[in-house]
Every structure is written in C-alpha cells, then in structure tokens.
Amino acid sequence: MSGAMSDMTIGQAAATGYFVDQKKGEVNELKQLLKNLNIEKDIRRKRDVVKKVIAYMTLGIDVSRLFTDMIMAIETRDIVLKKMIYLYLCNYAKAEPEMAIMCINSLRRDCENDDPLVRGLALRSLCGLQLESILEYVDRPLQKCLTDVSGYVRKTAVLGVLKIYQLSPALVETNGYVEQLYRMLQDPDANVVINVVHVVNELKLQEGGFEITQSNIMMLLNRIGEFTEWGLNTVLDLVARYRPASEDEMFAIMNLLDPVMRTANSGSVLATLKCFLSLSAQMPEMHAQIIARAKPPLLTQITGGQSEVQYVTLKHLHSILHQPFAKGIFDDEFRQFFVRYNEVPHVKHLKVDLLPLIANAVNARDISMELTEYVTDVDSELSRRAIIALGELAIHLPPVSEEMTRLILSLMDVDNAYIRAQSAIVLKDVVRIHPQLSELVLPYVGKYLKRMEDSDAKAGLLWMLGEFGSTVLEAPYIVEQLVDNYDDESSNEVKLQLLNATMKLFFQRPPEVQAMLGRLLRKAVNDTSNQDLHDRALLCYRLLASNIRTAESVFAVGAATRGIEGDFAEKKEVSLKKKIFGEFNTLAVTFGMPSEQFVEEKYQLKLDRAPLSDFDVVVSNAHAGFAAPSSSSAATAETAAAPSAAATAVGSVNLLDWDDAPAPTPAAAAPVAAPPSLVLQEFVADFMTPPLFQQHWMAWADGFAGRLCQFQRLPSAAADVEAVLRGAKVFVMASGALPNNAGFKFFVYGVEHGNATTGLFLGQLLIASATGEVTATVKSDAAQQHKVRFFLDAMVTALAPSFHAVP
Amino acid sequence: MISQFFILSPRGDTIIHKDFRGDGFPNMQEEFFRKVKFWERNDAPPVIQFDGFTYIYIRRSSLLMVCTTRFNVSPASTLEFLNRMAKVFKDYCGILTEESIRKNFVLIYELIEEMCDYGYPQVTSTEMLKNCVHNEAVLVQAPSLSSSLMSNVTQNTKTKSSSASNVPITMKNARGGNNKNEIYVDIIERLTVLFNANGFVVNSSIDGSINMKSFLSGNPELRLALNEDLIIGKDNALSAGRGGAGAVVLDDCIFHECVHLDEFESARTLHFLPPDGEFAVLSYRVTTDFRVPFKLYPTIEESSPYRLEVTIVLRAEIPDGNYGSNVVLRLPVPRAAVSATAEFAGGSADMPGAHAEFNAAEKKVVWTIRKLVGGSEIVLKAKINVDSPVTAMMKKEVGPISMSFEIPMYNVSNLQVRYLRISETHKSYNPYRWVRYITQSSSYVCRF
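For the protein sequence lines, the chains are A and B, in the order given. Under this note's numbering, think of the first position of the first sequence as 1, with each following residue one higher. Under this note's numbering, think of the first position of the second sequence as 808, with each following residue one higher.
Calculated directly from the structure, the hints in this document are not laboratory data. No experiment lies behind these values; they were computed from the predicted model shown. In this text, a Cβ means the ideal position worked out from N, Cα and C, and glycines have one as well. Among the hints, erroneous ones may be present.
Listed below are the simulated DMTMM-like cross-link pairs for lysine to aspartate or glutamate, each with C-alpha atoms no more than 20 Å apart in a straight line [said to hold, decoys possible]:
#1 450(A) with 488(A)
#2 52(A) with 1108(B)
#3 1202(B) with 488(A)
Which bits of chain A does chain B cover? Going by a derived footprint, with three or more residues having C-beta under 8 Å, they are [claimed, not checked]:
#4 55 to 65
#5 81 to 94
#6 253 to 264
#7 293 to 299
#8 477 to 488
#9 762 to 770
Examples of chain A residues lying across from chain B (beta carbon under 10 Å, computed) [claimed, not checked]:
#10 232
#11 378
#12 416
#13 591
All chains should be built: construct the whole structure from the sequences, respecting the hints.
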C-alpha cells in the first residue's frame, strides 16, 4: 500500500506544487506536535493531531518520517486514536521494517487486552504488517486468538492465518492451522465459519478449494439463516460444487434455498440459480422449470436495479438464453427489454442484442417495430446494433424472414451513411443463410453499390453480386465500373471481394466478363500494395491457366455457403458458450470468455469440473466401479474441448473469406480399401475393463454422434437390450435407467474379429422413453473411423426386430 | 477477494484508498480513471479488466467507487457490496458527496476496516457496525437545490422537508436536543411509459419500492400491512380470476433480508426489526395496465417548406388534489434546425413557473412547468425553422418527447400501506411516522 500511496504523491504534488515546501514545513510541525502528544491531556486535541497525519497520508504526502513519533503514541487507551495509529502502521510498515519491529511488543500486548475489539484490532494489524521479520512473533498470539472467547477476535484470527500464509506457506502448513480451521467450522459464530471457508478456499486454491463433502455442506446449509448475505453467497458457491447424494436430498436443498430468490441481492439470486442448475445437472428436464422460477427476480433486477447490476444481470441472461433449455421462457416479457431513454448506453446495447433471443413468430413484429425506432436514434452504436438485431430476426425466424428483409431494405433509403452501410452488411448475412431471399435484395444491389462508401458494406454487396450474378442482368456492368476504378479503391477488403465476384461472374457469364477479368487480374497481380491481393490474383490466374474446371469448382456459386447448415460458423461456438455458462455468476460471463483467459493461473480455483460443465452427462452406475461421477465428467470435459478446437480450426479457414471449398479430396481412396463389412469377435472375458474403456473414450474423437433410430416398443429393462446386443456381439460395459424413468443409457463396445489391437469400437446409447428415440455416440481408433457405420448397422440390425425400430 | 478499494472524485483525484492485499501497483487509480474516461464512446461498462486486475465500480453522486480483484469473482456480488458500502457511508455521513467523504475520511477508513478484511466482506449492516465504529460524523449540508421548491409548501407540524432524514444515524440524539422517535417511510414508484403518436400506451411498467429510515429508539419490531387484495405474480392474478377488479397485481416483489414473511401469504403483513439507516423493505415490479398520470398527444405540421410546427396536448389525469411538480418536456428537433420558438398556447400561457426555450446546442426544445395541477390540460407549441426544405427524413428526426416529473402524495399502482404498527406499548412512547407517496418518471416517452 505504501508504494501506491507514495506514488499518488506525484499527481497530488504536481497539482499542489506551489505548496510543497509549505507541506514539508507542516510535516515538521506535525512532528513537533506528536512529540508533545504525551503531555497533551485533551483527548480531542490528541486525536486531531493524529488525524492530520492520516489526512496527509491519504493525500499521498509522505509522512513516513513520523514513524517513530507515531509509535510513541501507540500506548493509549483511546480506541479512536489507537485505530488511526494502527492504520498508519500498516501503511508504512513495509517502508520502515526496522522501525516496525519496535511496535511489535505493543501490538502483542494489545492482543491480550480486556476489550475484544482491541484484541481483534491489534491482531488484524499485527498480521497486516506483512513483514517476514515479524513472523516469529505472530504465531503465538495468532494461535491464542483462534481460541479467543470473542467471535470478533476469532474471525479476525482466521483471516490472520491467510495473511501469514501469504508470507510463509510453510509456517501455516507445519503448524497444523488447516486442520484447526476445519475444526472451527463448528464455531458458534457464523462469521467465523464463513471466514474459515474463505481461508481454506484460498489456501487450497490449487487443490480444488474448500473440501466439498456431504457433512460440510449439510452443516453449512443448516445454519443458512445465520449468515450475512456475503456469507450466504459464499456458501451458495460451495453448494454449486456439491453433488447431491440422492434426488430427495437435491429437492430438500432446493426448497431450502428457494426463499433466497426473493432477496434483493442480485449476487444471491444468480448464485442460487447456479446452485439449482448444478444440483439438477443430472436431470436436464428440470432446467427449463428452474429458469422459469428465476425469471421474475431476474426481470426485477433488470428493470429496477442500479444500472451496474442491470448490466451484469443482462450479461448473465444472455448466457442463459443461449442454452437450448431456456428457449421461449422469456419471450412473453419482451417489452421489458425495450430500452428506456434515460438508461446508460451499454445497458441499452445489451438489451437490443438480447431481443432477437426472445423473439418468436408471435412477438417478432412488435420487436421489429421497436428496433426500427432505435435505428434512427442519435446513438449510432444503438442504431448499428438494432440493425444487426433485425438481421438476426430475419436469419433465425423463418416465418418472418421475408418481412424482416423488406424492413432492412427500407433502411437502405435512410439518409444516413452508417445506417445504410450496416444494413447492407446485414442483408449480405441474411442472404447467405437464406439464398431464396436474394430476389428481394438483388434488384437494388447495383444502386446501393454506387453510393456506398463503407468498405465492409461494399464488399458485402459485391459478394452478393458474384454469388447471384446470373439473375442480375446488369451485374457485369456494375462490376466493370469497379474494375475500371480499381486504382481509386483504397480498401483491400473490397479489392479481394471484387476479385472473387468477378471470378464467379466469369463462370456464370463468360462472354461478358472475360475481358474485364483479364484487366482486373493484371491490375491485381501488379498491385504491390498488398501481398494477399497479389497472391490471390496470381492464384486465380494460374488456376485459370492450368485447369479451367478446377478453377470453376473453386469459384463455383454456392461454394461459400456449402456446408453451412443454416448458421454461421462463428455462431456455432456452442462449446465456448457452454464453457462460459459453466462459469455462471463469475466474471467469465461478463467478459464473454473463459476465466483462464483473464485470470492468472495462481488465482484460478482448480476444480475437477466446473459446476455446470456436465449438463448433458447422465451417469449410470449399473456396473460397479464404472463411471463414478467425477471421472466421467472429466471425460466429457475432454470431449467438450475437442469440438471447440475443431470449430476454431474451421473458423480460421473462413476468416479469409476465401471461397475455396476444400479441394475435392480423393474421397474414394479410403472406403475402397476398407472391407465391405465389419465382423465382430465373440465375447472375451477380461478383455475390456472400465478403466480401459474410459481411457479410450476420453482419447478418441466421435466417429458418430446423433440419432440412430426410433423404438416403437420400449424395453422394459436394461437387461433386454443387453441380451439382444450380445447376440450381435456388441457387449454392454455399463447400463442404467435414467432418473425419472426418462429412459436407459448404455455404454457398449465391440471388437473386430482378428483385430484386437485397433479394431475396437466404443459406443454410448441413449433410449428416451418419452419418444422411443435412440441416440448414439460411437468412437473408434482414428484409423477405423470408416467402419463406425458398420458397427452402427450391426446394432440397429440386432435391435430392430425386438423393439420395432424404425429409422 | 477484493484487492483494493478506492473512491475517486469526478476529476479523478483519490479521496479514499485502501489496499487490502498489498498487491496493487503504483498509479493504478490513475490508470483506471484514464481507462474509464477515454473509453470508446465514453461508455465504460461497470466491469472492466486490464493488466491482470478486474475493476468493478459504481458511480454514486458522481463519485467513482471501485473494487479491484485478481480472482474470478461474482461481479454481481461485488457490485452489491459496493452498493452496500455506499449505503453505509451515507448512513454514517448523512449524505454521500465528495465533501462529506473528505470531511469524514477517518470515519470512512474505520468503516472500511470493519466491513472488509483482506478483501473478504465482513460486517456490513449499519447497526452491527455501530459496535465497532467510534469516530463521529462531521455534518455536511446537502447542496440546497430544492429549497426554493420547498418554500411554497407550508411548513407545519404535519409536513417535513424532504431532506429531514439526511442525518447521520449516529447523531440522532444530537439533533436539536429533542430526541424524537421518528420513522420515515417512502413509497416510491418510478414509471416507464411509452406512447405512440395517437396517445396510446405501447409499453408501461412500474418499478416501485417501500423505503424506510428508522430513528426509533429501542429498535422495536414493526408491522407493515399492505393491501389485503394484493396479488403477486401475473399467473396468480389469472388463476384468481381477477375477481376483485382493482386488485393490486405485482409481477414480482423482493424483500429486504430482515423481513419475516410468515404472515405475508395470509394477511399481507410484513414484520421485521428495522435495521439502522435507510433500506428498501420491498421492491416490486408491475407491468399490468395502470392509469398513466399524464397523457400526451403530439401533432406535427409542415406550415411552410422551411418550418415545422409541433403541437403537444398534455393532460394531467391525476385527481384535482394532486399535482405534478418540476414537469419538464424535452423535444429533440432535426439537426437542420437553425432556430425555434417554443411557447404555451392559449390559456396555459400565463401559468406560474412555466417556461419554454430552445436549446440550440443540443437541438432540443424544453418546456418546464413547475406545478401542473391534476385535471388540467395544457397545449405546448414549437415552431422549428430549418435551413433546407423539409423532408420526410427530417420529420422523423423530431422526437421522441421525453418527460420528467414528480408527483408527491400519489402512487399509480394503488399499493398502500394499510398501517405501520410499532410494537412498543409504553405510554410515553410516542413515535412519529412520516409517510410519503411519490411517483416519479423513469422513462416517460412519447413517439411521433
């Protein structure tokens, strides 16, 4: 602190530069006053002198010269005076370690004072000096205070342990403090208990924090009414990490916590919501109900809270609404997310971003009318976001796509450059997803392009022209103008897109385009201003020169949208969204990135799993020793990470917006080499063990994941399915019924005959009793991925007769 | 797990600085202030992060109150903690201003020491803190902006100035020597209303709260009874068949932690031991239809190619006995506007305290009416001269009208305090209950 304080001096001193000397004089004067302090009888005047010292300290004036005199004054009965002197001590002890030793005895003596407030204060200061040299003097008073009669002293002592730990972890570890802290969980003072949790959480940060056991959690929950709201929030954080032993226990905890949803503290409301979701992690069907329960308090925080709380709650609601189970729950309250004119801009912006997430076919018109109002707002950022939101409606709500597209088209006539630019960009995105809507837009593209200044918008319009050039009569002539004005164009983005569009148009309308393409390529190849441009032009040229067919396959219309199923790659970051949702009620949600990206490793709580990370894992315990909750969730964490990596890889390819569909791979090669079918081998005892299964399951990528078939007759017990699969030489490793009779779950494997080393197939089957739908995940060695479908076939063929399976 | 706490003045000076964990770096306050001040579009969110620290802050009375942390904390919880600190400072200093903090800095440090140890929140309730806080507050007068406003309210024993409760809680015995038992109760409702050009309400909601500040000696238990026909939750209103028309329906309400709810379901009665200082007994939200206090009917006309005329009919739909005070209407005009004249038309021209002007810098016409009596109707006019012929786009730039006001002794939701009973039976115990109903505008907007 002293560092920060003394550095404040710079700013302050500059401002008061004129008075610096005078201040120095005043410090001397203070020194004199302090010297006379002991003969001063009037307590108020004594206080005033010390108060002046503290005032200077706050202003950042260095008063460390007064250290000796301040220590002299420490022997006082007046607690106000004492507090101020201690404040001073803690501030300057680091700067004056030698001198600080001098006050140790007074502090230690005060740790034995009759008044618990003085004892607490003295211990707090003693531990807060943060001097390694005094450690040996601290241990004894600290031990003593941990067993003090006063709760105030004990709670201070508990935090004292943490302060000492920062100076010397060894001292804390060897002196058995941690064990003592755990014993203090039974302390009659609730504040002591909470501080114990804080301290243990931080001491054991790298080992998962405070130990979550049933008895610890129950003990804390039983005293839930005694804690302050901050204590409550701390306990809720622990409960979110707890796995209830049974369904009854889960409901008991949830009922106990339900009243917290009615409290005014937004932190408690979010923490309770997190608890509910994580306690019921194994019962995904409850999640929608839980979100509905949290809806009124969340809305109250958003509409009535302080702007800061509004902001954070809206961020969390965003995260919630990206979860599939939250869909539709907030739709009827869409008016609550209309912006108010006196709200701070960042709250307005979040609300606008959120509106498309709660839009449906019914409320879309109301929402779009409101968004249109924002488009002409003086806040250009609000306007921009409103247009993007309109685009989202067009993209994600097919029933209103056309209407929304027309609405955005009408914005192209607004007399405002950034509105037109943003609308053009959004239109491009809409048309990319819904090519059929291009008819609405295309007639105007040429007109728009002429007066567009913004380079992103221009590039977007050019893309449309290239993609749908065959239906725009004047497309080549529009492009020609741009080609001829190539040298006036300053944006590389536009030039790249011009190159693409002209190439695409060339294959659609060769006679009209050929000449201008030649001119463009020459200009671009000779354009030394940008390497990308030069390279791409050269590539185009060489492709055309070597093989026109290959060139066409690369630049064919639709190449960009092919493989994108109704959504943009960037929106597909499901696993990232999930990961962030796993860190619900933390900064990760506010910043929209996982905590490891902004919290240094030593401040990260190391958990086996984030509380909400294993939402879709349903664990069966049919076979003893398999799939203990913690380890199996580790497996899903692994698999969850894998697709995210894949997603980013895909994204990075698209980043260039380089419309090259992957070169047609010799697709035939692999399948041809593969045998036409898969022969599985008979059951071999002890061949497969749960650890081995898990090891492969974690290591291998999905060969298949999705719907397998639908049963029209449901199995009455897991054993039925097991028997049938066994007939097909597919063996069940573990199986179990899902909670609430939701269905069955199986972990299965099969081994290719004569290939016990790499021919292993692992699978997970889920049979939903409500629909009869069977979903499967199958994994295998990377070299065997092409045989996964045979393994699936084998299972379906076996199951079909017994359960009337239909595809 | 807060690392540092500081309070900065609007100019960025450090007023209070506390480093809980000794891990800060020099000049971090200045760094923070610079980041916030020069944020994109001057719109820094309340949670920002740089150089390994996360800064979570609130703005109160133009002061910045900041917590820093290096851990992945709950931002909501930290913000609530900051809010609580602001409340405690206000309770102890009477008001929360730069001056009151500066004059009471030792007291503030003492409070911080007790509220937070090594970055972990400790005791934060005003009355519990009294046990361990010894400094006395230095009284600072609030800037008396409203003094002229209050002067026309007759001062008698039944009314009190609105700042009467802005007194440090520790000084309640020192006030003029007469140790009164007093309790202040405010029922405040903030309205969000959106009208379309036809005067039709498109969207409306109420954010309300019952705030209390108790100076009762002996801290007796209180009983607060609300409307018996109060319904919580819109779904419940439907299932109750809306039988009692006029029943008060709240979408949701949340309670202060001290409130016991065991009699709430049956008798709509809350009982609690009031904590010291100001607190919200309950906060609620209403989105069911309610009677809006003011209605607006705007029209826009193109009287010549270079002139737009806006006429707004404003009708006060509140009872005769009530009035809207400090009513202000703001009308944004097109950027092309070069001049404008604003006036009150017809009989409303000679209203006392009525004032209209064109703010050329902000391109806004502003009408101010100090007192607008219930049942009255006035007409506001603006003639806007533009520098180029009027276009459709230009017309779109007119509006929306935003209106701000305060209506004393009136609330729109009909939520009422049936009684406030103080369970202290001693004869000499003669408490004063000051109950106020206030309706304020939050976002009161009319579009063209």
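Cross-check of the supplied hints:
1. With a CA separation close to 14 Å, the supplied pair residue 450(A) and residue 488(A) stays within the 20 Å bound.
2. For the hint linking residue 52(A) to residue 1108(B), the alpha-carbon distance of about 66 Å lies beyond 20 Å, and the restraint is violated.
3. At roughly 36 Å between alpha-carbon atoms, residue 1202(B) and residue 488(A) are farther apart than 20 Å, so this suggested pair is violated.
4. With 3 residues having a Cβ less than 8 Å from any Cβ of chain B, the stretch 55 to 65 of chain A passes the three-residue criterion, so the hint holds.
5. Remark: the stretch 81 to 94 of chain A is confirmed as covered by chain B, as 4 of its residues place a Cβ nearer than 8 Å to a Cβ of that chain, reaching the required three.
6. Only residues whose beta carbon comes within less than 8 Å of a beta carbon in chain B count, and the stretch 253 to 264 of chain A has 4; three or more means the coverage holds.
7. With 3 residues having a Cβ less than 8 Å from any Cβ of chain B, the stretch 293 to 299 of chain A passes the three-residue criterion, so the hint holds.
8. A stretch counts as covered by a chain when three or more of its residues have a beta carbon under 8 Å from one of that chain; for the stretch 477 to 488 of chain A and chain B the count is 0, and the coverage is violated.
9. For the stretch 762 to 770 of chain A, the stated coverage by chain B is not satisfied: 0 residues place a CB nearer than 8 Å to a CB of that chain, which falls below the threshold of 3.
10. For residue 232(A), the suggested interface contact is upheld, since its CB lies about 9 Å from the closest CB of chain B, less than 10 Å.
11. Nearest Cβ of chain B to the Cβ of residue 378(A): about 7 Å, under the 10 Å cut. The hint holds.
12. At a threshold of 10 Å, the smallest CB-CB gap from residue 416(A) to chain B is about 8 Å, leaving the interface hint in force.
13. Because the beta carbon of residue 591(A) sits about 6 Å from the nearest beta carbon in chain B, less than 10 Å, this interface hint is met.
The structure fails hints 2, 3, 8, 9 (numbered hints given earlier, in ascending order).
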